[in-house]
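Peer 1: Each chain, letter by letter, is given below.
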Amino acid sequence: MLAVFLVYTSIAGGTPQLRPSELNGRTGEVALVGKVVGRVTGDARGNGLRFRLRDVEGTSAVPVVYRGSVPDMFRTGRDISLKGELRNGTFVGKPGTLVTKCPSKYTDKKQS
Amino acid sequence: MPDLGRAALIVCLGLAVYALVAGAFAAWTRRRRLAESAENAILASFLAALVASGVLLSALLRHDFSFVYVWRHTSLELPRPYTVSAFWGGQEGSLLLWLLVLTGFSAAAVLLGRRSAPSLLAWTVPVLGAVTVFFSFLLVAVASPFATQAAPADGLGLNPSLQNPYMLAHPPFLYLGFVGLTIPFAFAMGALAARRSDELWVVITRRWTLVAWMLLGFGQLLGAHWAYVEVGWGGYFAWDPVENAALMPWLAATAFLHSVMIQEKRGMLKIWNVLLVVGAFALALFGTFLTRSGILSSIHSFTESSIGPWFLGFIGVVVAGSTALILSRLPLLRSKTRLESPVSREATFLYNNLLLVAFCLTILWGVAYPILTEALRGEPVTVGPPYYNFFLKAFGLPLLILMGIGPLIAWRRASLRGLGRIFAWPLGVAVASGVLLLALGAGSSIPGLIGYTFCVFVLASIVLEFVRGTRARQALSGGSWAAAFAQLVGRNRRRYGGYVVHASIVLLAIGVIGSSAYDTAREQRLQPGESMTVRDYTLTYRGTTQERGPNAVELRALVDVERDGDRLGTMRPGKNSYPAEQQVSNESAIRSDRLNGEDLFLIAEQLEPGGPVFLKALVKPLVNLIWIAGFVFVGGALIALWPDAREQRRLALRYGRAEALARA
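Going down the list, the protein sequences come from chains P and E.
With my numbering, the residue at position 42 of the first sequence is 33, and numbering never jumps.
With my numbering, the residue at position 524 of the second sequence is 521, and numbering never jumps.
This is chain P alone, in the form it adopts within the complex (with noise of 0.2 Å):
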């Protein structure tokens, strides 16, 4: 009943986990994950931070746009997750679910 009731509610709360490679055409919400690439351009408080995001081990990019907060580590080149849906083609970030992640070294620390 327990693994009923626990599958149940994974379904109904899950968010798919993307790399941008994988994103094309899909709706609603999903978890993104890649590389930053490119030039890091706008505010994040104010028409919103732009940037491209690639498949870490990839070439494909989509272009995203978010406002929030934006963690300490973040910048080109890092590796990071954050969650939104595709609109026209750019990915439209979530607030405040930016997280980087910084995979080149074994630590045992929060990075957000």
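Where hints are given, some of them may not hold.
[Claimed, not checked] The calculated DSSO-like cross-link candidates involving lysine-lysine, where the alpha carbons are at most 27 Å apart (straight line), are: (1) Lys85(P) with Lys74(P); (2) Lys26(P) with Lys85(P); (3) Lys85(P) with Lys390(E); (4) Lys262(E) with Lys333(E); (5) Lys26(P) with Lys74(P); (6) Lys390(E) with Lys74(P).
[Unchecked claim] Residues from chain E shown here face chain P by an in silico Cβ test under 10 Å; the list is partial: (7) Val18; (8) Pro367; (9) Glu371; (10) Val378; (11) Gly381; (12) Phe611.
Simulated from the structure, these hints should not be mistaken for lab results.
Quick reminder that beta carbons are idealized off the backbone N, C-alpha and C, glycines included.
Got chain P; can you put chain E on it based on the hints?
Peer 2: Okay, now just chain E, sitting in the frame of chain P:
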């Protein structure tokens, strides 16, 4: 030097193999002398691990960059304490710390066990040997901390976010807790393998679990405080997979510490208890595996390393081996007694266990969900904080109320009239405070209101227990209240230590509820001279200051804080820029109110010298009770752990016969 380290690890592996093979053979054929030599091998493996750790530590302190590990995790300018902490700042070093703690605990278990339960050690030693074989093998063959190279001039340095005093305390406490869970596992398996049907292993295991559980719990709170003061998002726990990895074994151990009392007093739940011990150990291994395998994406970052499959294999061996052993010993584990009534002490313990284990499984499911969905549907699906928070309320609130009911209810069978008499006071106090809280506006969060009412109920019942016990003791022996109180606690350490731990959990709950259900967050763009209000605070942005620190440029916003017309001072949230690492770190400002435990938490974003600021202000009522709870928790656990000569004698009387029989 690196040769000495490598040799020490190989010796450690050899000793562990000997403890496993010779110990198992000795236990099988009942050879006393051989069993003692296997025990000595465990003691010697600790010395070998100590030598290996000494080599690494001295290499770190000498900045010997010919050690790849030292080069990768330190630099010449790294302050000394952080140079020491680099011991566990990397993969190989932290595995060595595992081994050191493991062999240290094993040696202590052997030395203490020789006095209290020599016959139990026979099969326990090979189990300890097996776990040590695994870790020393990893260090010898897969992830050696003693790899060398031509020494570069300087090292790569430690990640700036790890250069924090908490780095010195938080990881070692977690390791002590994780590894400590090995000893209960070894004793449980040892007792099963030896076909012991008495409860002696339970008594020994309970103390070891208590030690590991206390360290693990305290380590987690340290981590939470680290996150709160340093990471600067205003929270302390984010249901991140790595945080969950430490919480799961702690929950399983909590369940065990409760259900073990049922086995001691009533001879019930034997299978369940063995399963909990195995579960806690397997979850500790799983936690280590999660953080090392790179299988999950977490805010905590790790390299994907080669040891993941090894860990998975070892967890498989542990689970399969212990399941097979339990199945083959099922007749031994049958309960002699049955549950007599659903309203009794043992029944409330059972409910508490079901809730704790259900919550533990909920978290396990959430952590494993991305892996499962990726395997089944081809894309990982994650569950976020809403999922965990829902189940925290669904399981946590009933657990809270049980904490008030359980200790007061009678064993075996409680009458409803008796219940009314016992609970009249706590219930009355709780309802009255619930109404009062509602009048004060706590109704803005219904789960919060329920939680607080439950908290009052539990606290009232704990106070009632202390008052009743003290009064009874005073009537018995006369003397002052204080003396009677001290005697009461001193003579029933487990019981009253347990109540103190319960009180700490209530404090924790009050802090968590206050800071999550009743917090306020405001965000506003301010020009210099402008003000904003949050709750009853008025915040005025005065401008910026900029200073050069030792290795960073420190930019701060000056924010004057007022409450009800009183000036409370200036807070300085801002950011540090580290030119060398090309990194910026947010420095939040926290003002704690000593009187009501409330924090005002300020984060300055988009800050430029002299320009406007996006000020994020959080008011977190009662959050400081969480940190106080940590110390109360350790205090209570220490009271429960403190050796009690009277109890030792009682145990010796009860189990002396079993010992004599098993040795014959």
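Peer 1: All hints, please: hold or fail.
Peer 2: Against the structure, the hints:
{"no.": "1", "hint": "Lys85(P) with Lys74(P)", "in the structure": "holds (6 Å)"}
{"no.": "2", "hint": "Lys26(P) with Lys85(P)", "in the structure": "holds (18 Å)"}
{"no.": "3", "hint": "Lys85(P) with Lys390(E)", "in the structure": "holds (26 Å)"}
{"no.": "4", "hint": "Lys262(E) with Lys333(E)", "in the structure": "holds (12 Å)"}
{"no.": "5", "hint": "Lys26(P) with Lys74(P)", "in the structure": "holds (14 Å)"}
{"no.": "6", "hint": "Lys390(E) with Lys74(P)", "in the structure": "holds (25 Å)"}
{"no.": "7", "hint": "Val18", "in the structure": "violated (33 Å)"}
{"no.": "8", "hint": "Pro367", "in the structure": "holds (6 Å)"}
{"no.": "9", "hint": "Glu371", "in the structure": "holds (8 Å)"}
{"no.": "10", "hint": "Val378", "in the structure": "holds (4 Å)"}
{"no.": "11", "hint": "Gly381", "in the structure": "holds (6 Å)"}
{"no.": "12", "hint": "Phe611", "in the structure": "holds (5 Å)"}
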